[in-house]
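2 protein chains.
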Amino acid sequence: MDLNEKIKFFINKGFFYESQSIYGSRSGFYDYGSLGTLLKRRYENLWRIYFGKLFDNIYEIQPSEIMHKNTFIASRHLELFNDPIVECKNGHRFRADKLIEEKLNIKAESLTIEEMNKIFDEEKVVCPECGSKLSNVKLFNLMFPIYVGPVYDSFLILEELKRKYGFLIKKYRKINEKELNYIIKNYLKNKNLYSINLNNEKYIFDENKEIIIKIKDNEYYVYLENIEIKEEDINYIEILNNAKEIKIDFNLSELYNLIKDYIELKNNEMFLRPETAQGPYVNFPIEIIINRYRLPLGLYVIGKAFRNEISPRNALLRMREFTQAELQIFFDYYNNQFENEFEFYKDKYINVLLVKDRDKKLPYIEKSLEEIYNETKIDKFYLYFLYKVFEFYINILKIPKERIRFYQLADNEKSFYNMYHFDIELYLDEIGWTEVGGIHFRVLRFNRDIINKVDEEIKKDVENLFIGNEIYAGYDLWNHFILSKDRRFILTRPNGSKFIPVELELSFGVDRNVFSLLLTNYDGEILRLQDYLSPIQIAVFPLLENNENMVKVAKEIYNKLRKRFDVYYDDSGRIGVRYKRQDEIGTYYCITVDDQTLKDNTVTVRFRDTKEQIRININDLEKFFEEKFDIWKIL
Amino acid sequence: MDLNEKIKFFINKGFFYESQSIYGSRSGFYDYGSLGTLLKRRYENLWRIYFGKLFDNIYEIQPSEIMHKNTFIASRHLELFNDPIVECKNGHRFRADKLIEEKLNIKAESLTIEEMNKIFDEEKVVCPECGSKLSNVKLFNLMFPIYVGPVYDSFLILEELKRKYGFLIKKYRKINEKELNYIIKNYLKNKNLYSINLNNEKYIFDENKEIIIKIKDNEYYVYLENIEIKEEDINYIEILNNAKEIKIDFNLSELYNLIKDYIELKNNEMFLRPETAQGPYVNFPIEIIINRYRLPLGLYVIGKAFRNEISPRNALLRMREFTQAELQIFFDYYNNQFENEFEFYKDKYINVLLVKDRDKKLPYIEKSLEEIYNETKIDKFYLYFLYKVFEFYINILKIPKERIRFYQLADNEKSFYNMYHFDIELYLDEIGWTEVGGIHFRVLRFNRDIINKVDEEIKKDVENLFIGNEIYAGYDLWNHFILSKDRRFILTRPNGSKFIPVELELSFGVDRNVFSLLLTNYDGEILRLQDYLSPIQIAVFPLLENNENMVKVAKEIYNKLRKRFDVYYDDSGRIGVRYKRQDEIGTYYCITVDDQTLKDNTVTVRFRDTKEQIRININDLEKFFEEKFDIWKIL
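Protein chains in written order, with this note's numbering: chain A, 1 to 635; chain B, 1 to 635.
It is possible that some hints are incorrect.
Result set (EDC-like, lysine to aspartate or glutamate): computed pairs, CA atoms no more than 20 Å apart in a straight line [to be verified]: (1) A:304 - B:44; (2) B:8 - B:18; (3) A:555 - B:341; (4) A:266 - B:261; (5) B:623 - A:626; (6) B:563 - A:44; (7) A:460 - A:486; (8) A:563 - B:626; (9) A:623 - B:627; (10) A:98 - A:87; (11) B:53 - A:626; (12) A:53 - B:622; (13) B:563 - A:630; (14) B:304 - A:44.
To be clear, the hints were calculated from the coordinates, so they are not data collected in a lab.
Build the full structure now, drawing on both the sequences and the hints.
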C-alpha cells in the first residue's frame, strides 16, 4: 500500500479526515474522528505519564493559545518566523526556497533574501503556473494575528471601498462592436448611465453596476454575469456618450478613519501561538514561586499551535493547526543535577547521526552515551535526555529500533538559539526519515559586552549574573527578562550569586507521532498497535447473531465492560468478517460468546496478532483486562 | 472571603492566573497553572467517563478550532452572533444593551437596534467616560477571523498609508505665537519644510515629520514628542510660508491593490470556532457512516472556543478563550429511544424554575420528571437528560443540592433555534445564580411552505422528509444540508422513509465549572473537593525534617507513589504548617513517617476533612490508594 492508499484507509475508518469537507476543505486542516481521537488521547496520556514523571518537580500547565504581542517580540518570532515567498502578477504564490530547490536542485533553506533574488534573476526562474515574471522575494510571517476587542471598523471601511470601487478589478471580457450594440440595446438603453475616467480607461455602468462597459484604446470590454451575448447590427453606441461622469470621490476622511482604525487594530493585535513553548517561558516567574524555587523545574504543555504554512502536506505531517507536547526543563547551567543519571545510563546505546559521521553515508550509528560524550563533548545532561526519549519510542511506543534515529543539526542548520539541536526522526516506508520531534538546548552565552547593550535600568542585574566573564542563560527567559524587566526571572543560588536558568526543550509533534504510529503499524490488513495504544480495547461478539441467548450474554458482557474500557459490540456478519474488521483498526482482544458459554459461563478471548484463543470465565474478564491495560506496569 | 480575595488566593496558589501578566495582561485571557491544570483535567475526565458513556454509541472527536466560513454562514453565526455597541468620538466603546441596563435600569437584552437607538436619543445618554455624544448602535460580530495563506499585503499597504498620512491623527497641542516662534527657531529654521492643505487646515512639517505645525482658524497647534517648549520674542513665522506644498497623493492604484488584497483576504477568511458544537454537526455525514448508521449517535468535543467578548469579567466566568465540553445527541424525532429511560427515572426529583413558576419568587421548586412532563408536555427524552445532568452535579461533582437548578428560558429569552432551553445554574455565594451550562434541543419544525424556499436541486429531497405536513430536523444539520447540499445528512428509516436527525445538546463551560468547584469548595481554610477531584492526591511528610531515617523512608514512599499518583513531598516547616498547606489546596490524604514507622513499617494517613488519622503498613499504601482513587467505583 502506498501513502495515499493508507491515508484513504485511515480516513474511511474515521481516524482522521479533512476538516469540513462538506464545504471543500482548506488544506492544512484535519479533524480527528472517533477512532483517531482515542489513539491521540492514548498517546498523550502515555507521554504525560512518561515525560511528566521524568523527574520530580514537573508540572503540566495550560496557557492561552492567543498570546500577547510582546511575547513574540521577545522571542523574535515577529521578526524572524518568516517564510520567503515570491509571486507573479497573476497572484500565484510560492515558497521561494522550495521553488529554487525544486527547479534548480540547490539547497536553499539557509540562503538570504539577496542570494535568492540573485538566483531568480540569473536563472530566469518564472512562475511555474503561468510562466510570467516573479516578484522579488518577500518575507511572510507564519503567525496568525488576532484582533481583540471591537476593532473591525477597518474591515467595514474596506467593504465600503469595495462597494464603490470593486468594479475596477472585476474580470472583463473583450467584445466586438456588434456584441456591444446587443448589450446596450438589451440591458442599458433605458437606464441612467454613469461613467468614470481613469488613466486611459473609461468605465460606463448603470446605477447598480450590474453591467459595466470598459473602453480602452478604442476596444470594448464588458463585465457581466449570467448574460448571454448575441450580436446586433443597429448601432447604439451613442447612448454611451450620454453617461454622466462621476469624479472619483475617495476622500481623506475615509482615509483618516481607515488609518485610525488600523492603528487601533494594531494596538490590539495578539497572535495564535506558533509553538506551545512560550507559555512555560512567560509563566516561569509565576510557577517558580508557586513551586517554591526548586530546580530543576519542568513545565509542559500539551496543546494546539498554529502556523500559516504556505504549503501544508502529507496529511497530519504538516498542518496549519496542530498539537504539540513540549516539556521545558529549567536548571542552573553551573549546577545541573543530571550527572548521576548520565553515569547510570552512559553504557546505553542509541541511534545517532552526528554531523561528523554524515560522510559515512549511513542512516545512523549505534553509539553509547559515553562514546558520544567523548566524541562531541556535548553536555552530559543533554545526552541523558536523548536516551530517555529513545527509551520512550523503543519501550513505550514499541517503534522498531532500526526506525528511529537522532539527527544532529550542524551549526548552519540548527535554530540560532539552540546550542545543541537533534531532531527525533522516524523512518516511514512511504516517506523516508521524518522529523517527529526535537531536543533543543535553548541557551545564550554572553561575555561582558552585553552589559553595554542592555537598558540602564537592568544593567546592575545583568552584571550580577556573571560567573567569571560569562553568562549562560535560557534564550527565552533571557529575552523575556530583557523586554519585561521582570526580575523574577533571576534566581539566587545558596551562596547568594544570581542566575537565569537555561532551557532544555523536549518537543514532540503529537499529530506526526500519531500519524507515524498508524503508518508503521498498519500492514494493509492489521493495525499492529500495542494493546494499550489501540483505540478500541475490546470487541464483544455473539458467535451467532440470531441466537438470542448468545446475544443476551454478549450484550451483558459488553455493558459491563464498556463502563471501564473502550469496547465495541458487533453482531452482524460472519465471525471471520467481524474479526477482520477489528484487526484492521487494531483491536487487540476479541471476546466471543459461543455454545460453550451457555454451558460453562466461559468465553473465548482472541489475541489479534497470534490469533490464539483462550477461554476465560465471564466473571474473571474485568480483572483480566484491568491487568492487561494497566499502563503503569509497563513504565 | 469575598470574590476578589478568593480569586487572589487561587492565583497565588497557581490554580490560574492572568495570561502573560509580565507584559500587562489583556482582559479575558487566563492560564491554568500547575494545580489548576490537574483540577481541570480531573473534571474533564469525569465528564468524559460520565457523559461519554451515557448510552452506547457515543464518541469523542477533535475537530479543528479554525473553521470554514461556510460553517458559520450555515449556522448563521456570521449574521447573528453580534453584540450591539456604541462609541463616542474619543473611541470609548460600550455594549449598548449593558449601558442601557446600567444607566436606566431597563431590561435591554432583547431590544432591537432601533429600540436601543430610540432610548439613547430620548434619554440623552452620553459617554460614561468623557460625556460626549454616542454613535448609533452598531453590531459587532464576536467571532475572531483568521486569514489563511500569504494574504497580508493589505496590512502592508495600510502600513504605507499610515506612514504617509499618519500625521493627520496625531494629538496636537495648542500653542501661542511666542511658543511657535521658539519651535521654529530651535527645530525648523534650517530644514526643508513641506505643507499640506486639507479642508481649512494647513499642516507644515519637516522631511521626517518629527515636528508638525497645524494652523486652523489662525490658531496654532503642534505635534511633538519629548520637546520642551519655551517662548521666543523674535517673529519667525514667515519661515513657514516658504514650505513647499504637497498635493495629497493617495491614488487609485493604491486603492486598486488595497481592494484586490482585501478581496483575497476575504476569500481566505476562516474563523476561530465560537462553540465546539459545529464540529460534530459538519462531521455528522462522515461519523454516521463510520459508525454504521446507528442512532441515537452521540458526538462530543472537549476543547477550546473563542469569542471576542466586549467585556470579559469575573476571572474564568467570561473569557475570550475558553474550554467547552459539549455532547451532541442525534436521533430520529419520530423514534426516540429514551422512553424507557424516562419511565425508569420519572419519579426522581430535580430543582427547576419553570417559566410559569417565576412569579412565585422562589429560586427553584423540586419537581419529579413526571410532574414536569404533566405541567409542560416537554418531550420525555429531554427530561430524562435533565435528570442525568442533575445526577452528574449531585453524585459526581457533589455540588450541594440546594445550589443547583435548571432555569427554563421563556420563548423571547431562549436562542431562536432551541425548542427547549434550560440553563444549568449553580449558586455561588459571591455572585449569585450562575450559568455553567445549558441543555438545548436545537430543532426546526417546517410546514409545506419550506418546499418553495429551497433550491430546485434539493426540492425533491426536502419533499421526501415530510411526515404528514411537517418536518422536524436538527437546526444545524438542516442548515448544513441546505448550504452544502450534501445528501449524507439525510438518513433512511427501516420502512424507507427519510429524515434528518434532531439535535439535543448538553453544553458545559469547563472553566465555569472548574471556577464554581473552586468557589463553592473553598471555605477560606480548606478546599473541600472530593478526593478524586483534588489536584494533589497525596502528600508525604517525614515528621521531622532533620531526621535522616524518616526523610529516607518518606522519600522512598514518595518515589514509589508518584509514578502512579499526583503526589507532593514536603519536609519543610512544622508538621501543622505542612498539613495546613495541603488542606488549603485540597489534598485529601497526608502520609506522615514518624518514629513508629521506623519500628513497625507503618505510617499515618490523615484525612483532610475529619483530621482522622489511621496507621497503614507501607506495603499496603499503593493498594489502599488505588481503591480510594478508583473513579470507576463511584460511577
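Outcome of the hint check:
1. A:304 - B:44: The given pair, whose Cα atoms are some 17 Å apart, holds under the 20 Å limit.
2. B:8 - B:18: 11 Å, holds
3. A:555 - B:341: 18 Å, holds
4. A:266 - B:261: 18 Å, holds
5. B:623 - A:626: Holds, because 14 Å separates the two Cα atoms, which is no more than 20 Å.
6. B:563 - A:44: 16 Å, holds
7. A:460 - A:486: 14 Å, holds
8. A:563 - B:626: Holds, at roughly 18 Å.
9. A:623 - B:627: 14 Å, holds
10. A:98 - A:87: 13 Å, holds
11. B:53 - A:626: Answer holds: residue 53 of chain B to residue 626 of chain A is near 18 Å, not above 20 Å.
12. A:53 - B:622: Distance of about 17 Å is within 20 Å: holds.
13. B:563 - A:630: Given pair residue 563 of chain B, residue 630 of chain A holds - Cα atoms ~13 Å apart, limit 20 Å.
14. B:304 - A:44: Measuring from Cα to Cα gives roughly 17 Å; hence the hint holds.
Going down the numbered hints, you'll see the structure goes against none, and every one checks out.
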